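Protein chains: 2
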Amino acid sequence: MTFKIGLLGLGTVGTGTAEILLSPAMRHPLLQEVEIARVGVRSLDKPRSVALPSQIYTTDLDAIVTDPAIDVVVEVMGGIEPARSLILKAIAHGKHIVTANKAVISRHGSEIFDAANAAGVYVMLEAAVAGGIPVIQPLKQSLSVNHIYQVMGIVNGTTNYILTRMQTEGADFDAVLADAQRLGYAEADPSADVDGQDAADKIAILAALAFGGRVKIDEVYCEGIRHISQADIAYADRLGFVIKLLAIARRDSDPSAQSTHDRVDQLQVRVHPTLLPKHHPLANVNDVYNAILVEGDPIGQVMLFGRGAGKGPTASAVVSDIQNIVAILKANGGASTTLHPLFACIHEHYCTVSPIESLVTRFYARFLTRDMPGVIGRIGTCFGNHNVSLESIVQIGFQDGLAEIVLVTHDVREGDFRAALEQIQSYDEVAEIPSVLRVV
Amino acid sequence: MTFKIGLLGLGTVGTGTAEILLSPAMRHPLLQEVEIARVGVRSLDKPRSVALPSQIYTTDLDAIVTDPAIDVVVEVMGGIEPARSLILKAIAHGKHIVTANKAVISRHGSEIFDAANAAGVYVMLEAAVAGGIPVIQPLKQSLSVNHIYQVMGIVNGTTNYILTRMQTEGADFDAVLADAQRLGYAEADPSADVDGQDAADKIAILAALAFGGRVKIDEVYCEGIRHISQADIAYADRLGFVIKLLAIARRDSDPSAQSTHDRVDQLQVRVHPTLLPKHHPLANVNDVYNAILVEGDPIGQVMLFGRGAGKGPTASAVVSDIQNIVAILKANGGASTTLHPLFACIHEHYCTVSPIESLVTRFYARFLTRDMPGVIGRIGTCFGNHNVSLESIVQIGFQDGLAEIVLVTHDVREGDFRAALEQIQSYDEVAEIPSVLRVV
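If you read the sequences in order, they're chains A and B.
The numbers in the first sequence follow my numbering, run straight up by one, and end at 440.
The numbers in the second sequence follow my numbering, run straight up by one, and end at 440.
It is possible that part of the hints are untrue.
Treat identical chains as interchangeable: a pair holds within one or across any two.
Within a straight-line C-alpha distance of at most 25 Å, the following computed SDA-like cross-link-like pairs (lysine to any residue) qualify [stated by the list, open to error]: (1) K311 with G300; (2) K278 with Q301; (3) K330 with E422; (4) K278 with V288; (5) K311 with Q301; (6) K4 with A403; (7) K330 with H147; (8) K330 with E348; (9) K46 with E81; (10) K311 with R250; (11) K46 with G184; (12) K330 with P24.
Hints were generated in silico from the structure; no laboratory data involved.
Model, not experiment: these values are computed from the prediction.
So that you can see chain A by itself, here it is in the shape it has in the complex:
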């Protein structure tokens, strides 16, 4: 049996996908039954590094997604449109979908999965989150027998690379970003990475899988790393922490719901730079590596670690999805059957995402104050009045004639902490509050 692939896009990931499929030796024998039948590209004239027959290239992507000979459409073009429309049209024509496109899934996943379920086809997206690391299928299969409490990860390689170099070299954000752009680790417009949106797309997808309900991407709290300074990295280090951009999804505790038979669908879903204790499993995940830590009952902690981007790892994930679809089709002998419940997207309702103000967490904050007696006392009293309990508050040094004060709180409600900060900001003694970061 041969299964025919229509490839939309032949950029980095598309090329990597073709390279695997064109060299099936020493891989799973199933791949020998997969054939790249058509490739949709923007220009037929561009020289290509993979040896595919020239007649399979086309600039007419519609012709691929409607071609009756195609079994699986592999969308590796990226961006929202025309990716979204092509995926929907392919589904309408009965094609299974493999995509590496986290943005289209996090924003238009509901529409796409509804269409796929109605058409009885699979939409596979292992490559959309954390590149080659097997995380989507483990969440759907092995880990889904657990009651998952939390999924927490470093899912953006660019920001992890920048933070690692800031940490190890003592360099500033702007300098490292410029270097990362020169080396190709950051894009010319780095905002999707450094402002956290890429990580937000990914944690929305992971949350939906871990907690069995859809998540609206607009409800994901998202804060990037542009404001992380060398001073904060150094103070965090002294306090026993590293700073990482974490993507976190966890069940928000709701004791009244715990006793019911339904899933608890109140979640926290957020992306922000975070102070992480140095002994934490995610603290040693450096450079462009990604890792996802899943915690559940009764499995405890499981961490999946690897390269989260790049041609090879992403293509590995794309081809594993192709192989999964081909395996199911082969096991079914082509017969029309119900969708495999661990590969299909089964949940159709939405989870409720708690507002960030209701988050209970520890905070780190740094203040620049005029050197007047009683400043620490006044700040401490204000936090106390807002129910914010402090673990430590220390005058660390001087900077440009201002005293530098660093504090760490116990677990507090974010809304209370922000209200206190607003009041403290109005004090004459307080010149500036350059950093406020959450602590895990």
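For chain A, the structure is supplied; the task is to place chain B on it using the hints.
Chain B alone, transformed into the frame defined by chain A:
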């Protein structure tokens, strides 16, 4: 649809399995269709902590594996017999198998998989290796599109706990082992763990999955940790290493075969304590945690980390296998179809395992010598004559009037190194060679 489970054994893992299946809330909805129909136990009188109806207990295990109402037999009794015979009889009666039994699979897997393929049933074993960590299914599915070079892991929690405590507390092996036995982390007879056989069973299973060929357990080189001394841990630390019991399977390079279309089936499969650089991804895996590092093309490095043993993690893996089988049966609508090629065991030939003498690796060795001039020169010359190139050789100190010399080699052939050692041992100046360890 309800799927009926026959559970063989209600010890720790069996109890954990029942606990998950009896509380399906907040887990995958498929589990609500799974019913524990019969439980085979040694004694009907023993009080049980799970609330199963008393009439489903039986001491007649044969009656379970032959019961026409049972869909899946879950073998969590452990040991070779009667587990092996019951599994084979269950297969002959058309039951799918889920097992947590690494010993029966590593020793009798060929017989069991042949029978299962002939009968058209699945044998699932996620729980047999590394407890709750999803590694068996990722190797079969996501990772199998790669050309895997190497699988390397810390797969025995007991020995990792002992080595971690020796490292952090400066304690000796015997003292930590006794304490681990008191705490229940090591068994009264600890030999399967501390002599490496448990890890050997697991790496044989992982090698078969990663490289697509069966491995004979007798051909796995196996060396335990009883001889690891506090002195070696301290010297390793000074040299920038930690000592871990590693299980390693890798393709043995054979350039002539690389060009063929067949898989290269010459493997190294081995278990031994190893000096690991402190920055290595496995070096920070401590206490009872397990981790498996997979390296392949084009994915690069992927590491899977978590609890490798214990009731909850192992039961999570057992139930995930049950769920995988149920999902396939459901997708097929009960129709008789071919086995799903990513869940069945498809390979039937044997890999060739290279003898340990042909291994090329670095070594660490410690010598106690009489303090005579020229000792280091004589040892160095002997290694040179045997083609063993040294990275460093240092007299570290004195112990009981003897000079203590530590050396680290470059990559050398193990056979050459051993031949040199044998000659050096015969020198009058050399009192003892207390430690020889491999270095990654």
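Evaluated hints:
1. Proximity of K311 to G300 under the C-alpha cut-off of 25 Å is restricted to the inter-copy arrangement: shortest distance 11 Å between copies versus 32 Å within a copy.
2. Proximity of K278 to Q301 under the C-alpha cut-off of 25 Å is found in both arrangements, the shortest distances being 17 Å within a copy and 22 Å between copies.
3. In the homo-oligomer, the alpha carbons of K330 and E422 never lie at most 25 Å apart, since the shortest distance is 62 Å inside one protomer and 57 Å across protomers.
4. Taking identical chains as interchangeable, the C-alpha atoms of K278 and V288 lie at most 25 Å apart whether they share a chain (18 Å) or sit on different chains (19 Å).
5. Taking CA atoms no more than 25 Å apart as the test, K311 paired with Q301 passes between copies only; the shortest distance there is 14 Å, against 29 Å inside one copy.
6. Proximity of K4 to A403 under the C-alpha cut-off of 25 Å is found in neither arrangement, the shortest distances being 67 Å within a copy and 69 Å between copies.
7. For a Cα distance limit of 25 Å, the shortest separation of K330 from H147 across copies, 22 Å, qualifies, whereas the shortest one inside one copy, 32 Å, does not.
8. Taking identical chains as interchangeable, the C-alpha atoms of K330 and E348 lie at most 25 Å apart only when they sit on different chains, with a minimum of 20 Å there against 28 Å within one chain.
9. In this assembly of identical chains, the alpha carbons of K46 and E81 lie at most 25 Å apart only when taken from the same copy (22 Å versus 64 Å across copies).
10. For the identical chains of this complex, K311 and R250 are inter-copy neighbours only, at 24 Å across copies versus 31 Å inside a copy, given an alpha-carbon limit of 25 Å.
11. Proximity of K46 to G184 under the C-alpha cut-off of 25 Å is restricted to the intra-copy arrangement: shortest distance 21 Å within a copy versus 65 Å between copies.
12. In this assembly of identical chains, K330 and P24 lie within 25 Å of each other by CA distance solely inside one copy; the values are 18 Å within and 31 Å between copies.
In terms of the numbered hints stated before, the structure departs from hints 3, 6, listed from lowest to highest.
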